[in-house]
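A.B. asks: Going by the working numbering, the letters in the sequence shown line up with residues 7 to 332, in that order.
Calculated directly from the structure, the hints in this document are not laboratory data. On a predicted model such as this, the values are computed, not experimentally measured, just so you know. Take the hints with a grain of salt, since some may be wrong.
[Said to hold, decoys possible] Listed next, with one range per pair, are the computed distances between beta-carbon atoms:
no. : residue 1 : residue 2 : range
1   : Gly-224   : Arg-49    : 24 to 34 Å
2   : Pro-236   : Leu-103   : 11 to 21 Å
3   : Ala-318   : Asp-50    : 24 to 34 Å
4   : Ala-31    : Ala-174   : 34 to 44 Å
5   : Arg-233   : Glu-96    : 21 to 31 Å
[Claimed, not checked] Simulated pairs of lysine-lysine, DSSO-like, Cα-Cα distance not exceeding 30 Å:
no. : residue 1 : residue 2
6   : Lys-56    : Lys-330
7   : Lys-56    : Lys-158
8   : Lys-235   : Lys-158
9   : Lys-304   : Lys-56
10  : Lys-330   : Lys-304
A virtual CB, placed ideally from N, CA and C, is assigned to each residue, including glycine.
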Amino acid sequence: MPFTDAQLARLRAVSPQLSVRRADATSADYSDAEIVYAGMPPRDLGRAPKLAWVQLHMAGVNALHDHPLYTDTTIPLTTTSGVHAASIAEYAITMVLALAHRIPRMVEWKQRGGWPPDEERWPLFVPTELRGATLGIIGYGSIGRELARIAKTAFAMRVVALKRDPAARRDTGYGLPGTGDPDGTLPDEWLAPNGLSGLLAQSDVVVMTAPLTAETRGMIGAAELARMKPSAYFVNVGRGATVDEAALADALRAGRLAGAAIDVFAEEPPPAGHPLYGVESAIVSPHVSGFLPSYDDKCTDLFAENLRRYLAGVPLLNLVDRVKGY
Numbered sequence: 007m008p009f010t011d012a013q014l015a016r017l018r019a020v021s022p023q024l025s026v027r028r029a030d031a032t033s034a035d036y037s038d039a040e041i042v043y044a045g046m047p048p049r050d051l052g053r054a055p056k057l058a059w060v061q062l063h064m065a066g067v068n069a070l071h072d073h074p075l076y077t078d079t080t081i082p083l084t085t086t087s088g089v090h091a092a093s094i095a096e097y098a099i100t101m102v103l104a105l106a107h108r109i110p111r112m113v114e115w116k117q118r119g120g121w122p123p124d125e126e127r128w129p130l131f132v133p134t135e136l137r138g139a140t141l142g143i144i145g146y147g148s149i150g151r152e153l154a155r156i157a158k159t160a161f162a163m164r165v166v167a168l169k170r171d172p173a174a175r176r177d178t179g180y181g182l183p184g185t186g187d188p189d190g191t192l193p194d195e196w197l198a199p200n201g202l203s204g205l206l207a208q209s210d211v212v213v214m215t216a217p218l219t220a221e222t223r224g225m226i227g228a229a230e231l232a233r234m235k236p237s238a239y240f241v242n243v244g245r246g247a248t249v250d251e252a253a254l255a256d257a258l259r260a261g262r263l264a265g266a267a268i269d270v271f272a273e274e275p276p277p278a279g280h281p282l283y284g285v286e287s288a289i290v291s292p293h294v295s296g297f298l299p300s301y302d303d304k305c306t307d308l309f310a311e312n313l314r315r316y317l318a319g320v321p322l323l324n325l326v327d328r329v330k331g332y
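Given only the sequences and the hints, what does the whole structure look like? Please build it.
C.D. replies: This is the structure in structure tokens:
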């Protein structure tokens with residue numbers, strides 16, 4: 007990874023036991039490497055015979071599900087989950103506010119260079135009230151927890167959280183100070199995956215933040231969308247393949263949903279003529295919700311903390327569970 011000398015110095019400062027070097031992935035000598043930090047680790051594991059732990063420069067690991075490191079070893083893998091949780095949660099809130107306050111319609115009128123007639127301003131621009139509305143969060147990880155914090159504190163929203171194991175309410179992963187819901191105290195209702203229908207039916211806003219696994223692939227299809235309120239908004243900041251994009255476009259065109267914001271797609275970039283491109287009530291963005299100017303700096307902080315934990319023999323943050331797929 008293109009870490010700066012200053013960032014590398016922060017890693018070296020963790021302990022004199024560490025020898026830290028940066029190298030190009032294609033030509034790197036991994037022969038004596040015990041720890042590797044990488045975006046995509048080498049597939050030829052024979053190049054790294056001493057490898058004991060890999061810190062990944064990514065929050066999700068679905069791209070590694072067929073990697074030999076993932077499938078053929080038990081070498082611990084850790085992710086950068088939590089580093090950009092606040093940014094993605096802010097994106098989701100921004101999109102919901104934009105939809106609720108008809109921002110795309112305002113931009114459209116500006117481009118027309120005109121002002122709507124008085125008799126049209128009310129029906130065109132009357133907003134959807136978010137205060138006190140119900141927010142359904144599918145996947146209560148670092149992003150969902152920060153989203154819940156913002157929604158509860160800023161908009162007094164009722165929060166329904168759907169989680170693989172709703173009994174495990176504490177967040178044991180990495181989180182920026184002052185963000186998220188580490189103790190799991192914010193949701194008004196907790197649901198397991200079999201409670202998805204109930205979440206969809208009662209929510210005024212649904213935000214998908216779940217990772218892509220065998221269980222979540224195609225999780226939201228035509229039948230699930232039909233359970234949502236026609237006045238509801240849908241936001242996907244998780245993984246594109248969790249949602250049937252054509253079914254979502256159909257629901258929006260038919261007025262069975264009020265609007266959607268989609269930042270992730272099953273195929274990226276989406277092909278020309280993708281069904282969501284032509285939907286007026288959809289905001290489409292090019293997988294940018296996690297963009298963060300300080301991303302590498304925050305990743306350095308996380309890696310440094312995990313290095314301290316590794317040397318002390320205590321559990322690492324953001325350890326991947328291969329059975330769960332994340």
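A.B. asks: List, from low to high, the hint numbers that the structure doesn't satisfy.
C.D. replies: 7
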